[in-house]
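The sequence shown begins at 1 in the UniProt record's numbering and counts up one residue at a time.
One should not assume that every hint holds.
To be verified - Below, simulated SDA-like cross-link-like pairs (lysine to any residue); rule was C-alpha separation at most 25 Å, straight line:
(1) K169 to G63
(2) K169 to P53
(3) K169 to T142
Said to hold, decoys possible - Distance windows between CB atoms, simulated:
(4) A183 to Q65: 37 to 47 Å
(5) V40 to F61: 19 to 29 Å
(6) P180 to P17: 14 to 24 Å
(7) A183 to A14: 35 to 45 Å
(8) P86 to R51: 17 to 27 Å
(9) G93 to H178: 34 to 44 Å
(10) T2 to P86: 15 to 25 Å
(11) Q187 to E145: 33 to 43 Å
(12) R51 to P30: 11 to 21 Å
Rather than coming from a laboratory, the hints here were simulated on the basis of the structure.
By construction, the Cβ of each residue, glycine as well, lies at the ideal position given by its N, Cα and C atoms.
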Amino acid sequence: MTSVRLFRGQDLRAHFPDLRSVYVDAFCAPPWHEGEEQAVEFVGRLSDNVRRPGFTAAVAFEGSQVVGFAIGWTTLAPFPTDRCYPQASAGLGIERTVDWLCGAREIDELAVRPATQGTGLAADLLTAVSADVPDGRSWLMTSVESSRAMSFYRRQGWIQATHPSPEGKGMVVFLGPHHPARALAAQPL
């Protein structure tokens with residue numbers, strides 16, 4: 001039987017090795033093509049991220065084994081400029097980026113072991129990590145190169161708020177099912 005537990009900060013550290021293992025299992029295959037180096041970077045970032053305001057992690061356990069996780073926190077102003085954040089602000093524009101994303105719960109990572117894909121576990125983790133967000137304001141970025149991820153978020157009621165060119169690559173922003181700006185998000189042509 002799978003159970004999901006919430007962690008709000010430093011108490012997650014005891015599970016870092018298991019989270020790294022799930023990360024490798026989830027992201028080593030196409031379209032992500034990540035490996036041990038990215039998993040080490042993930043754990044390094046996680047050491048800092050557990051101290052962020054609003055940090056929340058939903059971790060799925062089968063017995064004592066970690067089989068999935070979702071991690072988020074409150075996006076603070078000024079909007080970050082590292083990693084993939086510039087793609088989000090370029091797609092939304094600075095005013096919408098600040099209004100829609102700053103102060104909202106950012107879902108940074110969602111990963112499940114391949115054996116649990118298709119079981120509803122990823123949906124449970126996404127719901128758990130975003131359930132308590134103020135005013136329903138949650139958001140995430142994902143790669144347009146993963147049609148599976150894009151379809152998954154749409155099925156969960158998330159709406160795509162940025163749209164690359166038809167041949168585009170890169171990241172897109174999704175707004176959560178209760179985000180107040182959902183109706184304002186530009187729909188693709």
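Non-conforming hints, listed in increasing numerical order: The structure breaks hints 1, 2, 6, 9, 10, 11 and 12; every other hint is satisfied.
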